[in-house]
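Going line by line, the protein sequences match chains A and B. Residues 1 to 115 in the working numbering are what the first sequence spells out, letter by letter. Residues 1 to 115 in the working numbering are what the second sequence spells out, letter by letter.
The hints are simulated quantities; they were obtained by calculation from the structure and are not laboratory data. All residues carry an ideal CB built from backbone N, CA and C; glycine is no exception. Possibly wrong hints are sitting among the right ones.
Computed list of lysine to aspartate or glutamate pairs in EDC-like fashion (alpha-carbon distance at most 20 angstroms, straight line) [to be verified]: (1) A:K3 <-> A:E17; (2) B:K41 <-> A:E96; (3) A:K3 <-> B:E87; (4) B:K41 <-> B:E103; (5) B:K66 <-> B:E22; (6) B:K55 <-> B:E103; (7) B:K41 <-> A:D86; (8) B:K20 <-> B:E103; (9) B:K41 <-> A:D55; (10) B:K14 <-> B:D88; (11) A:K70 <-> A:E96; (12) B:K20 <-> B:E63.
Interface residues of chain B toward chain A, partial, derived using beta-carbon atoms under 10 angstroms [stated by the list, open to error]: (13) C13; (14) S15; (15) G16; (16) K41; (17) L44; (18) F67; (19) S102; (20) E103; (21) R111; (22) T115.
A few chain A positions that, by computed beta-carbon distances, are all more than 10 angstroms from chain B [stated by the list, open to error]: (23) E15; (24) G33; (25) S42; (26) E44; (27) M45; (28) G52; (29) S80; (30) D86; (31) S87; (32) N101; (33) L103.
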Amino acid sequence: AQKITQTQPGMFVQEKEAVTLDCTYDTSDPSYGLFWYKQPSSGEMIFLIYQGSYDQQNATEGRYSLNFQKARKSANLVISASQLGDSAMYFCAMREGPGYNKLIFGAGTRLAVHP
Amino acid sequence: GAVVSQHPSWVICKSGTSVKIECRSLDFQATTMFWYRQFPKQSLMLMATSNEGSKATYEQGVEKDKFLINHASLTLSTLTVTSAHPEDSSFYICSAPGAGASEQYFGPGTRLTVT
């Protein structure tokens, strides 16, 4: 079974609009972490936002917010006021358990921001 | 934040030769490092977990005799692709976890082309 599912291969958004990128996950471990990364064409992985399974509030980092719905096992990324520079691949990832554990990545969503 | 470097950033080698990729944590110690492979337009797939002072742990389906991993110090892990073939051409990325739950530092990646 897929641990991390991103169902949107590609998304389009108009500049200055908000966009939501979907991510659902599957784990039986009560302790886990959810990450979102941006990967531009250069290939570097840029950390955007993190949500711990025990965090009471949804994470926010500037224009990025994470809509964490634990019961539904979803962790959608919301980008507000999209900019042309937001065009990139976006990956959702999960770490199961505490400590120095590996990340499992979703298939990714390619976001294109149009002027 | 912490920095992870990779060397080389890109390499072209002939089929049948071996190539070594280095991953260094520049300003922190990493007892664990992770190696990922990313084919074009695909997600990051974990290949192995590199453990300082002990054998690496390989993911299912990854040939440990082909992808040799050595974690000789707290700041350096190396991945050697032995007897490379064109199908090994890929983007290889390493990462190292930091002290905090949200900390996972990625190297800039190495693009390997086998001709």
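Hints the structure fails to honour: 1, 2, 3, 4, 6, 8, 9, 13, 14, 15, 18, 22, 24, 25, 26, 27, 28, 32 and 33
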